[in-house]
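Peer 1: Single-letter residue listing:
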Amino acid sequence: MPSLFFAVLSEAKPWIQKTKAKPVHHSGKFRIYKNDSMYIIISGVGKIAMALAVSEFAHLLPKEERDHMKVWNLGIVGSNQLNWKVGDFFWIHKVTDYATGKDYYPERMTKSVFGMETNLTTFDRPIAKIKTDNQFQVLNEKDLESVSLVDMEGVGFFEAASLYFPLENISIGKVISDHLEGNFCKPETVESILANLLEPLFLEWTNPLPWVTEDPFETRIWPEIWKEVKELRLTETMKHDLKKSLRFYFLRYPNTKIPMPNLEIVPKIKSKTEVKSFVEEWKKQLHV
Amino acid sequence: MFKSFSHIYIEETVADHFRTKEILSKFPNAIQIPIRHYKDSFNRNSQNFRIQKQSPKLVLAEKKEHFLYPGSDFSPNFSHKYFYYNTLALNCIYDCEYCYLQGMFPSANLVLFVNWEDFFTETKKFLDNHGSLYLALSYDTDLLALESFFPATKSWIQFASTEPNLTLEIRTKSTNFQSIAHLTPNPNIILAWTISPQIVIDTIEHGTPSLQARIKTIQKTIEAGWKVRVCIDPVLRIPDWKIHYQSLAELLGKELNPKGITELSVGGFRMNLDFLKQITDKRKDSSILFHPFEKKDKIVSYSKEETEEILHVIIPSFEKHFDPSQINLSYP
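From first to last, the protein sequence lines stand for chains A and B. Mapped onto the working numbering, the consecutive letters of the first sequence carry residue numbers 45 to 332. Mapped onto the working numbering, the consecutive letters of the second sequence carry residue numbers 94 to 425.
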């Protein structure tokens with residue numbers, strides 16, 4: 045089940061409409077939308093808000109679900125590159141926190157129809173090249189040299205997401221909305237820019253992660269066996285060792301039925317010594 | 094051969110290094126990402142070695158310290174007083190299920206250190222201070238397999254020709270001998286090939302050259318006058334392992350000139366316990382890693398009985414074709 049983080053509602057709106065996701069009623073601060081197969085989260089503006097939203101969302105899910113979850117941040121950015129157009133989309137392979145100077149590296153693992161990549165710098169305030177009435181932070185020529193795209197959330201998203209989700213599952217994609225002219229984008233403009241990218245991005249977002257595959261031993265074989273021997277009350281170490289031995293046999297002889305002991309005697313086994321001997325005998329059959 | 098790399102991370106300090114530029118010229122389509130220090134990318138938490146191995150990235154960096162490390166207890170020192178290894182590269186382009194690198198490094202990305210001259214300087218200093226050095230060159234990688242874009246093997250062979258007290262071991266599974274075939278053989282350099290039965294190559298040593306290709310390369314190397322070590326290491330207790338390893342001994346005896354082999358090095362599977370835990374946490378599809386190993390002093394290996402059985406089968410099989418004095422145990 046993928047999850048998608050936006051800073052503001054106007055960025056998320058085309059996606060919420062497309063997925064027909066409904067607000068989740070929960071005790072948290074952030075708006076979470078959900079349907080049967082995906083989540084959309086809106087954090088509000090700024091890296092701290094985004095990091096908190098990621099954290100709150102992650103705590104609603106068990107680790108197993110998070111480990112298999114694709115987690116993206118999409119949103120609008122300003123660009124210092126005049127040759128890039130409004131509406132151009134980039135995957136991000138490096139995020140810099142302007143305030144701390146710290147770099148982070150989202151690693152691109154899968155191919156995309158969007159081939160352009162660049163780095164992103166996250167600022168604590170809106171950025172402009174020139175001073176306007178909006179009191180944006182104005183960057184001088186030297187600072188602008190190292191800047192490609194600018195936003196206010198990317199670093200908060202990545203730093204928080206990398207605490208809760210496997211790095212390989214995390215992606216940041218940004219679309220240019222302005223060239224740092226010092227004006228706020230209107231919500232309808234933002235909505236329209238994001239809507240233009242929706243179809244191709246939606247396909248990539250909903251494609252399962254290629255490395256998340258079923259482990260039949262973990263999902264099917266072990267639970268079935270464990271059901272049969274649960275009442276033996278094995279210690280954690282014994283359980284771990286037995287599971288390892290069963291997996292060894294399963295992998296080594298994939299086309300052979302796993303040898304099972306006489307399970308009828310399980311209810312009669314009472315003492316620790318009997319349990320130990322029962323497991324040891326079984327393991328011997330598995331280690332052929 | 095290596096796959097192309099989609100992304101190349103480049104440390105800022107080596108961005109203008111001539112060797113960086115040479116390597117980058119081999120991958121014109123790769124996206125280049127400047128980084129401050131390779132560890133900022135390589136040592137991150139929450140990386141999954143298995144997933145990264147599906148699309149490994151290249152990292153070009155500068156080694157700033159630790160140009161020589163004392164040899165590992167898992168590796169034979171071949172009776173040399175000063176047994177050291179260096180790390181010109183971290184990680185390997187092959188994907189062998191038994192490889193300890195999967196448990197040792199947090200990332201599957203390939204780090205290449207481009208400042209070879211600093212390695213040469215430190216090695217020379219060591220030789221001046223200690224008089225001799227046995228240096229394993231291809232320890233946390235397979236250098237010869239990288240030779241087409243990272244020609245370190247050639248440079249080290251040339252360096253060794255100026256240092257008579259330096260003995261080099263270059264261990265590989267690659268068949269890329271032609272890239273160094275033009276160099277003059279040096280008796281202080283041992284080219285060592287790891288050899289396994291074809292079934293192991295097919296099912297466990299993913300992406301490596303076939304057994305026949307390796308044997309052919311070894312024979313060429315012998316004919317060219319190089320010192321050659323053949324490493325049957327690790328011996329793996331796969332189903333029908335006795336038959337497979339006996340057949341391997343027959344094949345090597347038939348296809349190689351035994352007199353050309355300086356040494357046959359034999360060793361069973363062994364690994365640092367913590368590395369194995371790391372690996373089995375991520376790689377749950379490899380039966381050889383779930384073997385009921387014996388644990389001793391934080392090392393896992395086959396049990397004493399299993400090891401004795403391996404030696405009982407392997408040694409006589411090879412003694413049919415090779416002189417017993419040629420056969421060494423790398424790790425009993």
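It should be emphasised that the hints constitute simulated quantities derived from the structure, not laboratory data. Beta carbons are placed, not taken as given, at the ideal position from N, Cα and C, and that holds for glycine. Careful: at least some of the hints might be erroneous.
Which stretches of chain B does chain A cover? Using the computed rule of at least three CB atoms under 8 Å from a CB of chain A, they are [to be verified]:
| hint | stretch |
| --- | --- |
| 1 | 99 to 108 |
| 2 | 137 to 150 |
| 3 | 345 to 356 |
Just a sample of chain B residues kept apart from chain A, beta carbon distances all over 12 Å, derived [what the hints assert, rightly or not]:
| hint | residue |
| --- | --- |
| 4 | Leu117 |
| 5 | Pro127 |
| 6 | Asp133 |
| 7 | Ser134 |
| 8 | Leu194 |
| 9 | Pro280 |
| 10 | Ala317 |
| 11 | Pro332 |
| 12 | Ile392 |
| 13 | Pro417 |
| 14 | Asn421 |
Peer 1: Against this structure, judge whether each hint is valid.
Peer 2: Right, here's what the structure says about each hint:
no.: 1; hint: 99 to 108; verdict: holds (count 3)
no.: 2; hint: 137 to 150; verdict: holds (count 11)
no.: 3; hint: 345 to 356; verdict: violated (count 0)
no.: 4; hint: Leu117; verdict: 16 Å, holds
no.: 5; hint: Pro127; verdict: 8 Å, violated
no.: 6; hint: Asp133; verdict: 6 Å, violated
no.: 7; hint: Ser134; verdict: 5 Å, violated
no.: 8; hint: Leu194; verdict: 18 Å, holds
no.: 9; hint: Pro280; verdict: 44 Å, holds
no.: 10; hint: Ala317; verdict: 41 Å, holds
no.: 11; hint: Pro332; verdict: 7 Å, violated
no.: 12; hint: Ile392; verdict: 18 Å, holds
no.: 13; hint: Pro417; verdict: 32 Å, holds
no.: 14; hint: Asn421; verdict: 30 Å, holds
Violation of the numbered hints given earlier is confined to hints 3, 5, 6, 7 and 11; the remaining hints are satisfied by the structure.
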